[in-house]
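Chemist: First to last, the sequence lines map onto chains A and B.
Anchor point for the first sequence: position 59 equals 59 in my numbering, and the numbering is continuous, going up by one each time.
Anchor point for the second sequence: position 153 equals 153 in my numbering, and the numbering is continuous, going up by one each time.
Quick caveat, the hints were computed from the structure, so don't treat them as lab data.
Errors might be hidden in some of the hints.
Here are the simulated BS3-like pairs of lysine-lysine, each with C-alpha atoms no more than 27 Å apart in a straight line [as the list claims (entries may be wrong)]:
{"#": "1", "chain 1": "A", "residue 1": "Lys170", "chain 2": "A", "residue 2": "Lys102"}
{"#": "2", "chain 1": "B", "residue 1": "Lys98", "chain 2": "A", "residue 2": "Lys102"}
{"#": "3", "chain 1": "B", "residue 1": "Lys63", "chain 2": "A", "residue 2": "Lys145"}
{"#": "4", "chain 1": "B", "residue 1": "Lys307", "chain 2": "A", "residue 2": "Lys159"}
{"#": "5", "chain 1": "B", "residue 1": "Lys220", "chain 2": "B", "residue 2": "Lys41"}
{"#": "6", "chain 1": "B", "residue 1": "Lys301", "chain 2": "A", "residue 2": "Lys159"}
{"#": "7", "chain 1": "B", "residue 1": "Lys63", "chain 2": "A", "residue 2": "Lys170"}
{"#": "8", "chain 1": "B", "residue 1": "Lys98", "chain 2": "B", "residue 2": "Lys301"}
{"#": "9", "chain 1": "A", "residue 1": "Lys102", "chain 2": "A", "residue 2": "Lys159"}
{"#": "10", "chain 1": "B", "residue 1": "Lys98", "chain 2": "B", "residue 2": "Lys304"}
{"#": "11", "chain 1": "A", "residue 1": "Lys170", "chain 2": "B", "residue 2": "Lys307"}
{"#": "12", "chain 1": "B", "residue 1": "Lys301", "chain 2": "A", "residue 2": "Lys102"}
{"#": "13", "chain 1": "B", "residue 1": "Lys63", "chain 2": "B", "residue 2": "Lys41"}
{"#": "14", "chain 1": "A", "residue 1": "Lys145", "chain 2": "B", "residue 2": "Lys41"}
{"#": "15", "chain 1": "A", "residue 1": "Lys48", "chain 2": "A", "residue 2": "Lys159"}
{"#": "16", "chain 1": "B", "residue 1": "Lys63", "chain 2": "B", "residue 2": "Lys264"}
{"#": "17", "chain 1": "B", "residue 1": "Lys307", "chain 2": "B", "residue 2": "Lys98"}
{"#": "18", "chain 1": "A", "residue 1": "Lys145", "chain 2": "A", "residue 2": "Lys102"}
{"#": "19", "chain 1": "B", "residue 1": "Lys305", "chain 2": "A", "residue 2": "Lys159"}
{"#": "20", "chain 1": "A", "residue 1": "Lys159", "chain 2": "A", "residue 2": "Lys145"}
{"#": "21", "chain 1": "A", "residue 1": "Lys170", "chain 2": "B", "residue 2": "Lys305"}
{"#": "22", "chain 1": "B", "residue 1": "Lys304", "chain 2": "A", "residue 2": "Lys170"}
{"#": "23", "chain 1": "B", "residue 1": "Lys307", "chain 2": "B", "residue 2": "Lys63"}
{"#": "24", "chain 1": "B", "residue 1": "Lys305", "chain 2": "B", "residue 2": "Lys63"}
{"#": "25", "chain 1": "A", "residue 1": "Lys159", "chain 2": "A", "residue 2": "Lys170"}
{"#": "26", "chain 1": "B", "residue 1": "Lys264", "chain 2": "B", "residue 2": "Lys98"}
{"#": "27", "chain 1": "B", "residue 1": "Lys186", "chain 2": "B", "residue 2": "Lys245"}
{"#": "28", "chain 1": "A", "residue 1": "Lys102", "chain 2": "B", "residue 2": "Lys307"}
{"#": "29", "chain 1": "B", "residue 1": "Lys220", "chain 2": "B", "residue 2": "Lys264"}
Spelled out, the chains give:
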Amino acid sequence: MSEEIKNTQENTAEAPQIHDAELHAVISGAFPDVALVASPQIATYAVKPEKLLAFAAFIRDDARCGFDFPVLVTGVDRAPENRMEVFYHLLRTRDGHKVVIKIDLDRANPALPSLAMLYRSFDWHEREQMELLGITFEGHPDPRKLLLDDTYTGYPLRKEYEDEAHEYIKRPY
Amino acid sequence: MTVTIDCCEERLVKNLDTQEYWVNMGPQHPSTHGVLRFLVKLDGETITDVIPHIGYMHRGIEKMSENVTYVQFNHLTSRLDYLSAMINNWGYCMCVEKALGLEVPARAIYVRMIMSELTRIASHQLWWGVYGMDLGAFTPMMHSFRDRETINDILEETCGSRLTTHYIRIGGLSNDVHENFVPRIKKFIDGFRKSLVEYATLVSGNVIFRARAENVGILKPAVGISYGCSGSTLRGSGVNYDVRKQDPYGYYDRMQFDVPLGTKGDSLDRYECRFKEMEQSLRIIEQCLEQMEPGEVVAAKVPKKIKLPAGEYFSHVESARGDHAYFIVSDGGTSPCRLRVRSPGYSNLAVLPEVVRGWRVADMVTVSSTLDLVAPDIDR
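Okay, chain B solo, but in the shape it has when bound (with noise of 0.2 Å):
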C-alpha cells in the first residue's frame, strides 16, 4: 500500500511505502473454537495473506480406524465434529451398511433423521451464539444455549449423553427412543419457532450487525467449488449443492424442505443460509414424527463380527457443516485396509486466505467464524 502525503511544495510529494509484517494469531485466540493458529500478514491494517496452521488437535483417527475393528471404530467418529456427532456416526453406519447390503428398519431411519436434524439445530445455534460473540454481542449466546441445552437434555435421555453421542450403530440404533422423546421435540419445536423470529430481530436486523457482516468477504461460486466448500459456505454464495437433495440418504427424498441459497456469498449471506436452515430443520423433524411408527430399531441380520468384502466404500452425509464423506478401503479383514475421512471443515478452512485478502484486520473473524470451523474436525 502506498500512501501519499499532499503538500503545497509540489517537490515534498513522495511516496512512502509502509512496512509488512506477519500477526500470530492463535492456537489459542476466542474467535477459533479450538486450536487452530492463523499467521496473517498485514499491511497497516489490511490482510494480505493469511496462512493456516492446522494439526494441533491431530489424533490420528484414520491410522487408529487401522487397529480396531468396524464396530469400535464407531464411537471415534463422535470426536471427529463433536458438535454434529449423531450426523457423523451416520455417515459411517451408512458406508458400512451399504458394504454388508444391511436393510435398516424403517423407525431406526426415521429417529436417524430426526436426531440429525437436531444436532443440527444445536451445533448452529452455538454457532449462531458464538458468532455473536465474536462480533461482540454477548446477548445471543446466552438465548442460543437455553435452546441447546434443551436439545442436549432429549438426547441425553435418550441415549445417555450430551455430545459423544454414539448412539447410531451399525444396522439401527443402540435403543428405542425414551417415551418422553416425541413430546419434549414437539414442545421444543413450538417454542424455538417462535424463537427463530425473535432472533431474527436480535441479531439479523440490527444495524450494527448488518454493517459488520453485509458485502464482507465475498466467496465467489467458482472459487468455493474449486476448494470444495460446501454446507451453509457454499451455499451462501448460491451454490445449490446439499447432499440431502442431490444424493438422497435415508429417506430425505420423501421430505419436503427448502435448501436456503445466497446471492452474493458475502458473511451476510452465510449467516442466512445456516440461519433460515434450522427452520428447514423443524420442518423435517415434524414430517419425521407425524410418518414415524413403531417398530424394530436394529436390523435383524448385523453380523456378530463384521467383515468387508474386499473393495472400496463411500458415502457421505450433509453435516452441519457440510458435505461429511467417509471412504473404506477394504482388504476382507475385520478392520480396514484404509478409512479416509473427508472433514467439511477442512475444505471450508483451506478457502479462507481466498476470502479474507484484502479485508481489514477486523474482518477476520467475522469471516472465519461464518466459515462455522471445528478444529477437530479439521484435524481428525
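Bound conformation, chain A alone (with noise of 0.2 Å):
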C-alpha cells in the first residue's frame, strides 16, 4: 500500500492527504492506475473516461466501499486550460462517507460513458450537464432536454457563452 501511494503522489504536484487509509487501500487494490488527487475535503479520485464504468460499479457493489447514494454530478469547464472536468459525487447511507469521482476531458470533444443506469438519479443529473455544458455522456437512456426549452441552442454553462439580453441590460458590476 506504502508502495501505491507513494506513485499517486508522484502523479500530482501536492502530496493528497489520505482521509481513509482502509478504504484507500481497497480501491488502490483493485484499480491501482487510479490516483488520488490532492483536495481539501474529500477523496477525490481521477479516473479516466474508458475505466469509469468499472470504478464506479465497483465502488458502488463492494461491501468494504458501498458507496450507494448519489449526490451530484458537475461539469466544469476550464477554458484557459483548454478541457473540461466532471466529478461524480458519492456518499454512502450507512455513516455519511464521501467520495468524488474526477474525470479530465478533452474540451474539443467532451465524451465519458453515462452512470445513469447503475445510478438512476443521474439520469436528471447528467441530463443537465448535457444541456448547460455540451457534455456528451454515451449511453444514457434518455439524452433529451431537462430545464431548457427544446429549441434552446448554445451551452450557457460554458465559459465562451454570451447571452443575448447583455446587450439590452447592462449592469455597473
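Each of the two chains sits in its own frame; use the hints to bring them together as a complex.
Modeler: Okay, here's the thing in C-alpha cells:
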C-alpha cells in the first residue's frame, strides 16, 4: 500500500491527504492506476473515462466501499486550460462517508460513459450537464433536454457563452 | 389492462383492450405548488407512466454565481428553496467558511441552529396544511398557517424578512437576535407542543385520511437510495440517513434528538416521519436555548474581499426536504469558477414515476404531496 501511495504522490504536484487509509487500500488494490488527487476535504479519485463504469460499479457494489447514494454530478468548464472536468459525488448512507470521482475531458470533444444505469439519480443530473455544458454522456437512456426549452441553442455554462440579453441589460458591476 | 366480459354464451366472451391516453397535469395545478408539469399516461384510471417536465422556474442561479462575488451570491440561496431559506444560507456559508478556514463564533452557530429548526417547522407546517388541502380537508391549512405566521413573525423581528431571509452571512450572522427572540420562541414551543397533539387527532388519526394514504405509493429503500432521495421521503422507507446525524455540522453532534423512521415506505410513513420531525426540532431548539451564551455573532477575521484558494469545496446540510449540497470549484478568483447546487427536491421528484406507477389517478396527488416538492428548489 505504501508503494501505491508513493506512486500517486508522484503523479500530483501536491501530496494528497489520505482521508481513509483502509478505503484507499481497497480502491488502489483493485484499480492501481487510479490516482488520488489533492483535495482539501473529500477523497477525490481521478479516473480515465474508459475505466469509469468499472470503477463506479466497484465502489458501489464492493461491500468494503458500498457508496450507494448519488449526491451530484458537476461538469466544469476549464476554458483557460482547454479542458473540461466532470465530478461525480457519491456517499454511503450507513456512515455518511463521501468520495468524489473526477474525470478529465478534452474540451473539443467532451465525452464519457453515462452512469445513469448504475445510479438512477444521475439520469437527470447528466441530462442537465449535457444541455448546459455540451458534455456527451454515452449510453444515456434518455438524452433529452431537461431544464431548457427544446429550441434552445448554445451551452449556457460554457465560459464563452454570451447571452443575448446582455446587449439590452448593462450592469455596472 | 384487459376487461373481461362475462356472458352466458361462451362464444361471446372476449377480451377488450382499453385505450391508453395522456393527460396533462399542470403547469398550473393547485397541488404542484409552483410551476411544475406532469404528463400522466392513463389506462382508465390507472397510471401507467408519468413524465415530469421541469424547468419552468429555471433562473440559471448556477450561471449567475459565476458573475457575482461570493458575498453577493448568498442572497440567491434564499431563492432556491424559499421555504427553508435559512438552511440554504447556512449550507452555502458553511462551504465558503470551510474553504477560508473561518472559525464561526459559538453564539452564531447556536442561532443558526435555532433558525434552521424554526424554518424546518415552518416548512413542515406549510406542507402539513397543504397536504390536508390536497386530500380535500381545508381545516389543517388554517391551523398550520397560524403557527407558521408566528414563526415568520419571530424571523421578521430579528432579520427583517419573512421568507427570503438572507440572515446567515459568511462568517456569522447579519446581526444579533432581537431581545424578544428567546421569550417568543419559548412561548411558541409551549403552544406548539399542545397543537401537535391536536393535529395528530385532527389529521393523522382520521379514518378518511388514513384510507387515502396508508399503503399508497410505496417507495422501496433500494429504489429511493438509487434515485438519491433524501429527507423524510427516504426515511419513510426506513433508511436512516440524516445529514445532521451522519455528517454533523454546527453543534448537531451535541444535541439529543431522534430521527423518525418509517417501515413500509408508503405515503403514510412519509407523512408520519415529517410530522414527527417537528417534535424533534422543538427538542433541538430547547437544547440550543439552554446552551446558548451571549457573545459575538460574526467571526473576527472575515476578509473584506473574499477570494477562495483554487480547489474544490463541498458542504451539505439537512434542509426541510433532505440533503441540500453546495459544490464550489474555485480558480482563485473573486467569484466561483463553477457552483453546483444539489437540491433535494430534484432527486425526490425524479423518483415519482417509480412510486406512482400502477396506482389510481387520485393517488397521484397523495404521493406527489408526500414528496414535498418545491418548484424553485427543483429548477434552480
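Chemist: Against each hint, give a clear statement of whether it holds in the structure.
Modeler: Now the hints, each set against the structure:
A hinted pair counts as satisfied when its Cα atoms are at most 27 Å apart, and A/Lys170 with A/Lys102 does not qualify at roughly 37 Å. Between B/Lys98 and A/Lys102, the direct Cα distance comes to roughly 21 Å. Compliance with the 27 Å bound is thereby established for this hinted pair. Our distance criterion of 27 Å between C-alpha atoms is met by B/Lys63 and A/Lys145, whose separation comes to about 17 Å. At roughly 19 Å between alpha-carbon atoms, B/Lys307 and A/Lys159 fall within 27 Å of each other, so this suggested pair holds.
Straight-line distance between C-alpha atoms of B/Lys220 and B/Lys41 comes to about 22 Å, which keeps the hinted pair within the 27 Å bound. Proposed proximity of B/Lys301 and A/Lys159 is contradicted: the alpha carbons are some 32 Å apart, above 27 Å. With a C-alpha separation of about 17 Å, the suggested pairing of B/Lys63 with A/Lys170 holds against the 27 Å cut-off. Between B/Lys98 and B/Lys301 the alpha-carbon distance is near 13 Å, which keeps this suggested pair within the 27 Å criterion.
Taking the CA atoms of A/Lys102 and A/Lys159, the gap is near 20 Å; set against the 27 Å cutoff, the hint holds. Distance check on the hinted pair: B/Lys98 and B/Lys304 sit about 17 Å apart at the alpha-carbon level, within 27 Å; holds. Only pairs whose Cα atoms come within 27 Å are accepted, and A/Lys170 paired with B/Lys307 is accepted, the gap being roughly 25 Å. Note on B/Lys301 and A/Lys102: the hinted pairing is violated, with a Cα-Cα distance of about 33 Å set against a maximum of 27 Å.
Only pairs whose Cα atoms come within 27 Å are accepted, and B/Lys63 paired with B/Lys41 is rejected, the gap being roughly 34 Å. In summary, the hint linking A/Lys145 to B/Lys41 is supported, as the alpha carbons are separated by about 20 Å, within the 27 Å threshold. Between A/Lys48 and A/Lys159 the CA atoms are separated by roughly 24 Å; this keeps the pair inside 27 Å, and the hint holds. Annotation: proposed proximity of B/Lys63 to B/Lys264 is violated, straight-line Cα distance about 40 Å (limit 27 Å).
Distance restraint check for B/Lys307 and B/Lys98: the Cα-Cα separation of roughly 13 Å lies within the 27 Å cut-off, and the hinted pair is therefore satisfied. Restraint check for A/Lys145 and A/Lys102: satisfied, since their Cα atoms lie roughly 24 Å apart, inside the 27 Å limit. The straight-line distance between the Cα atoms of B/Lys305 and A/Lys159 is roughly 23 Å, inside the 27 Å bound, and the hint therefore holds. This hinted pair checks out: A/Lys159 and A/Lys145 have alpha carbons roughly 20 Å apart, not beyond 27 Å.
Distance restraint check for A/Lys170 and B/Lys305: the Cα-Cα separation of roughly 23 Å lies within the 27 Å cut-off, and the hinted pair is therefore satisfied. Distance check on the hinted pair: B/Lys304 and A/Lys170 sit about 26 Å apart at the alpha-carbon level, within 27 Å; holds. Between the alpha carbons of B/Lys307 and B/Lys63 the distance comes to roughly 18 Å, so the proposed pair stays at or under 27 Å and holds. For the given pair, B/Lys305 sits about 21 Å from B/Lys63 by alpha-carbon distance, which is consistent with the 27 Å threshold.
Pair hint A/Lys159 plus A/Lys170 holds up; C-alpha atoms about 19 Å apart against a cutoff of 27 Å. For the suggested pair B/Lys264 and B/Lys98, the alpha carbons sit about 38 Å apart, so the restraint of at most 27 Å is broken. For the hint linking B/Lys186 to B/Lys245, the alpha-carbon distance of about 25 Å falls within 27 Å, and the restraint holds. About 23 Å separates the Cα atoms of A/Lys102 and B/Lys307, which keeps this hinted pair within 27 Å; it holds.
With a C-alpha separation of about 8 Å, the suggested pair B/Lys220 and B/Lys264 falls inside the 27 Å cut-off, and the hint holds.
Taken one by one, the earlier hints fail for this structure at numbers 1, 6, 12, 13, 16, 26, listed in ascending order.
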